[in-house]
Amino acid sequence: MGGLNFLEKVDIFKGFSQDQLKAASKGGREKHYLYGERLFAEGEDADRIWLVTDGQVDLRFDLPGRPTSEQNTVFAITAPQTLGWSSFVPPFKYALSAYSATKTCKILQIKKDHLLECFDKDPRMGLMFMTNVAAIASRHFDQLQESTSVAPVSKVKITVHMSTCGIAAGARQVMGALVEEISGSDRRDIEVASSGCIGHCKNEPNITVEIGSSEPVIYQEMTPDKMRRVFKEHILGGEVQEDYILGH
Amino acid sequence: MVSLDFLEDVDAFAELDDDQLAAIQDCCEVAKFKRGGAIFAAGEAPEYFWLVLEGQVNLVWDMPEGPALPENTISTLSEGMPFGWSSLVPPHKYRLSAYCASRSCKTVRIPRNRLLELFEEDAQLGYKVMSKVIIVVGQRFHQLQDEVARRRGHDIINRW
Numbered sequence: 001m002g003g004l005n006f007l008e009k010v011d012i013f014k015g016f017s018q019d020q021l022k023a024a025s026k027g028g029r030e031k032h033y034l035y036g037e038r039l040f041a042e043g044e045d046a047d048r049i050w051l052v053t054d055g056q057v058d059l060r061f062d063l064p065g066r067p068t069s070e071q072n073t074v075f076a077i078t079a080p081q082t083l084g085w086s087s088f089v090p091p092f093k094y095a096l097s098a099y100s101a102t103k104t105c106k107i108l109q110i111k112k113d114h115l116l117e118c119f120d121k122d123p124r125m126g127l128m129f130m131t132n133v134a135a136i137a138s139r140h141f142d143q144l145q146e147s148t149s150v151a152p153v154s155k156v157k158i159t160v161h162m163s164t165c166g167i168a169a170g171a172r173q174v175m176g177a178l179v180e181e182i183s184g185s186d187r188r189d190i191e192v193a194s195s196g197c198i199g200h201c202k203n204e205p206n207i208t209v210e211i212g213s214s215e216p217v218i219y220q221e222m223t224p225d226k227m228r229r230v231f232k233e234h235i236l237g238g239e240v241q242e243d244y245i246l247g248h
Numbered sequence: 001m002v003s004l005d006f007l008e009d010v011d012a013f014a015e016l017d018d019d020q021l022a023a024i025q026d027c028c029e030v031a032k033f034k035r036g037g038a039i040f041a042a043g044e045a046p047e048y049f050w051l052v053l054e055g056q057v058n059l060v061w062d063m064p065e066g067p068a069l070p071e072n073t074i075s076t077l078s079e080g081m082p083f084g085w086s087s088l089v090p091p092h093k094y095r096l097s098a099y100c101a102s103r104s105c106k107t108v109r110i111p112r113n114r115l116l117e118l119f120e121e122d123a124q125l126g127y128k129v130m131s132k133v134i135i136v137v138g139q140r141f142h143q144l145q146d147e148v149a150r151r152r153g154h155d156i157i158n159r160w
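Chains A and B, in that order, are what the protein sequence lines are.
Heads up: the first sequence begins at 1 in the working numbering, then just goes up one per residue.
Heads up: the second sequence begins at 1 in the working numbering, then just goes up one per residue.
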């Protein structure tokens, strides 16, 4: 973990020589986190970068007075990617909270002050680093923009039936999970719609999935977890989730 | 010609010495626009890194199917403020559109290839400038986050 072979693959160190990698990682500290553990909280002082060497870290916005939720994940960061570029941008506070999203995740922390010392000695290293930080931000910029783009030609339509009975049964939470999944995917051809009750109040919340010219599939008794599974397996993977189909 | 006094007041160049500022000055070109004139469009391959010399510039998140609307403005820039940072980093694509927002505006445009060549020749110059540019990137990112939150909120509320 954290060896030079790994470090040269890390996005923020792209272009670094072996000597530069050694210098940068000299101040590094390895840490392990269990699922759900918080690495840092929104608003805390940002004074280091965090290299994910194994597992996944979710960057989330936390709502005051509520426990953290996967539904509020904005970005999922996996090895060999980096988080914590707020430490180089005023006001030097983390803009989101970070949580371990896998059974364990391994991190290499490198303090900003150590890196700045390296860059003072070797400005070319600093130039590459700052350019890489801007490139990472650019990628996140793109993801953010795409997350709200409306598909010009929708190949997939997902309707969440949000009647009073549906909302009482949890349709809002299902819609929330769906929006998060779409935001985190690269798909821009998905249209989300809401409509009223379809007469199966006992089996709410219901959703209808229409892909191209295929027959619509209606799912019943949906939950955020089921919604995420339908999104991954049916929408992205093409496999209808028979267990959840209405009337199954 | 763009003055050294102007350049040294630009945040992105704040830590450069006179020789470095003069090297930047040699690359600068002035371009004028009238109100509403497009300086560049999102998605274009960027040729320039930009500064506002006089007047105001709006950075706008255009919707693909619609006209440039004031409510899609992410940031309004005034004298000395840089824009077009994505010209300096892969994948070299403008993320937002820029329009002249005052009766007229003057801009300084610096060909990105010449600026990147300067960075290559003088890594200290490059490091100093990019250290400031990522501050601009951070500001734009937070402005975009706010706008995304606004749009998501509207979309979801409207659908519900």
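Some hints could be false.
[Claimed, not checked] Straight-line Cα separation of at most 20 Å, PhoX-like style, residue types lysine-lysine; simulated pairs:
1. Lys226(A) x Lys202(A)
2. Lys132(B) x Lys112(A)
3. Lys31(A) x Lys121(A)
4. Lys26(A) x Lys121(A)
5. Lys132(B) x Lys93(A)
6. Lys93(A) x Lys121(A)
7. Lys121(A) x Lys132(B)
8. Lys106(B) x Lys34(B)
9. Lys103(A) x Lys26(A)
It is worth saying that the hints were derived from the structure and are not from the lab.
The structure displayed is predicted, hence computed values, not measured ones.
Check your understanding: If you check each hint against the structure, which ones fail?
Key -> When the structure is compared with the hints, numbers 3, 6 and 9 turn out to be violated.
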